[in-house]
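Those protein sequence lines, which keep their order, are chains A and B. Under my numbering, the first residue of the first sequence is numbered 650, with each subsequent residue one higher. Under my numbering, the first residue of the second sequence is numbered 4, with each subsequent residue one higher.
By construction, these hints were calculated from the structure, which means they are not laboratory data. In this text, all values refer to a predicted model and were calculated from it rather than measured experimentally.
Stretch by stretch, here's where chain A covers chain B in the computed footprint (C-beta under 8 Å, at least three residues):
1) 44-50
2) 140-148
3) 207-218
4) 283-294
We put the CB at the ideal spot given by N, CA and C, even for glycine.
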Amino acid sequence: MWGSRWTVLVGRRLIQVYAITAALILAYPTVQLFIVAASDDIVFPPRYFSFTAFNLDKLPTLLETMPFSIALGLATTGVLLALAIPTSYATQRMQFRGRALASAAIFLPVIIPGVGYMVALGTAYILVFPDLIGSFAGVLLPTVIFNLVWMVRAVQSSLSVTDPAYEDAALMLGASRIRAFFTVTLPAIAPGIAVGAMITFANSTTAFTAPYFLGRTTALTTTVGIFNELSRNSLIPRLAAEALIVELIVMSFVVAAYLMARKRFRGLII
Amino acid sequence: MTAARPDLLVDSPHARVATRRLERALPYLLVAPVMIYIIIVLVIPVLIEIYYSFLTREQGVYAYHIVRKFTLDNYVQVFAQRYILESLAFTIGISLVIAAGTVVLGLPVAQFLARGTGRGKIFVEMSLLLPLFGDIFTGYALLYAFAPQGIVNWFLVGIGLIREPLHLVNQPISAVIAMMLPSLSVLLIRGALARIDPVYEEAAQMLGANPLRAWFATTFKLARVGVAGAFLLTFIGGTGAFTIPVILVNADNGWISTQLRGLFLDSNVPLASSLSIVLTILTAVLVYVYIRLTDTRADVQRYVG
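Working from the sequences, and respecting the hints, build out all of it.
Okay, here's the thing in structure tokens:
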């Protein structure tokens with residue numbers, strides 16, 4: 650029995666060490682980008698340190714594409730907030746014919762492979778709206794579709810843990826449905842909405858597939874800009890500095906969301 | 004959910020009918036914007052894609068053009084063209100390797116998160132969320148790590164496993180390693196393991212099983228549906244992968260998604276459309292299997308009777 654207990658303790662400790670090592674490996678890519686950017690050299694171990702790679706004047710791709718990335722992130726988040734909150738409310742709180750169909754339709758983007766969808770949308774653009782190729786709207790439309798599930802799931806999970814009795818009480822006391830929603834339900838589900846908005850912002854700011862397919866040279870996110878620079882110049886240290894700056898901006902949003910509502914975030918992922 | 008509002012009790016019959024109509028129409032009004040958006044931006048393009056998958060591509064004087072002649076030849080081509088079949092087989096094979104590797108490597112991490120005690124849980128949990136939102140940065144960083152002058156070759160040469168640096172970049176192995184890094188799958192397996200009462204494992208140990216055997220015979224066996232779900236979801240992700248293979252290997256990496264893009268750029272829209280539809284059907288079937296596997300009601304029926 651003592652032998653068995655000792656084995657369990659050692660096993661647990663080994664699993665703990667393994668898990669922490671795995672976490673360190675997962676966190677390493679950011680460290681790797683920092684090492685390359687801060688040494689302005691791709692050789693490991695770094696031979697010297699220099700922050701010249703962070704000189705914004707020497708990061709033209711970042712300066713050119715960052716405004717588009719941020720604008721895409723903000724626009725996608727705004728459109729999704731307007732679309733997802735009413736839909737989530739209806740599918741989560743109301744009984745109506747076609748509810749299952751509406752819920753299933755939201756998951757359609759998961760079934761269609763991203764590149765297959767880009768072929769479909771690219772064909773539709775060429776046939777009907779050729780001006781959308783290489784435009785902001787042309788990239789925004791599919792980016793909203795790609796992130797729809799995340800936002801709806803975030804709002805739905807928040808609604809599912811909010812008791813509808815409070816809204817019912819407000820209605821019983823004479824509030825209109827709109828007033829009851831805005832004064833009672835909306836504040837209660839605000840953390841879930843914030844989490845969904847931050848995930849959507851992070852995803853759409855770093856979007857790759859849609860701008861790579863439909864952005865041409867005029868509507869590119871930073872991630873595609875870095876890739877194009879990689880194709881032209883091979884593996885140069887400057888790219889690490891650009892990727893690191895974008896990653897830090899995006900990750901600060903994700904970490905903020907996680908710290909704000911850890912429990913809701915966990916339910917959202919699983 | 005219709006609550007009785009005091010102001011409605013004194014309203015006229017007309018007002019009551021109007022309110023009731025509005026109440027009945029409200030859910031439809033709320034879901035209408037998203038449904039219209041999905042129909043215009045997703046459903047109609049996919050219908051156009053289905054239509055184009057049945058059209059014929061003919062050689063013109065200067066270039067290929069598409070004629071409105073119905074044909075099933077594009078679907079035949081998907082299964083007859085050697086390079087497409089090879090690419091499909093490569094994608095499915097490599098996705099199986101990625102899914103199996105991800106689950107095997109992720110199981111101990113999931114076990115630690117579900118049952119483990121001690122420090123480091125929050126750090127592990129947060130690190131798992133990083134690739135979910137920044138896998139593209141992982142791709143860029145691994146380019147440097149896998150380079151001949153990078154940390155991986157430095158380490159392998161340092162411990163004496165190799166003499167000359169390996170050329171890992173531009174090889175499928177680099178994408179496989181990147182996609183095997185534990186992430187979403189671990190969180191899914193953690194969820195499955197956490198639902199199993201540890202009392203079964205303790206009982207098995209009390210009856211003489213060693214800890215590893217007790218874990219496999221009880222916790223793993225009861226959580227196998229969740230583990231299978233994680234495997235399937237990783238497999239689906241692998242078959243549809245585009246970004247990581249393009250960054251770590253190149254724009255012509257053998258993945259089926261890259262072939263699809265190549266066909267589209269080559270103006271072979273009918274064949275690209277039919278291949279896309281075949282892939283969509285394959286993914287839909289896998290998603291359906293996943294939903295059935297992870298359906299909690301089915302779980303209850305399976306275990307309770």
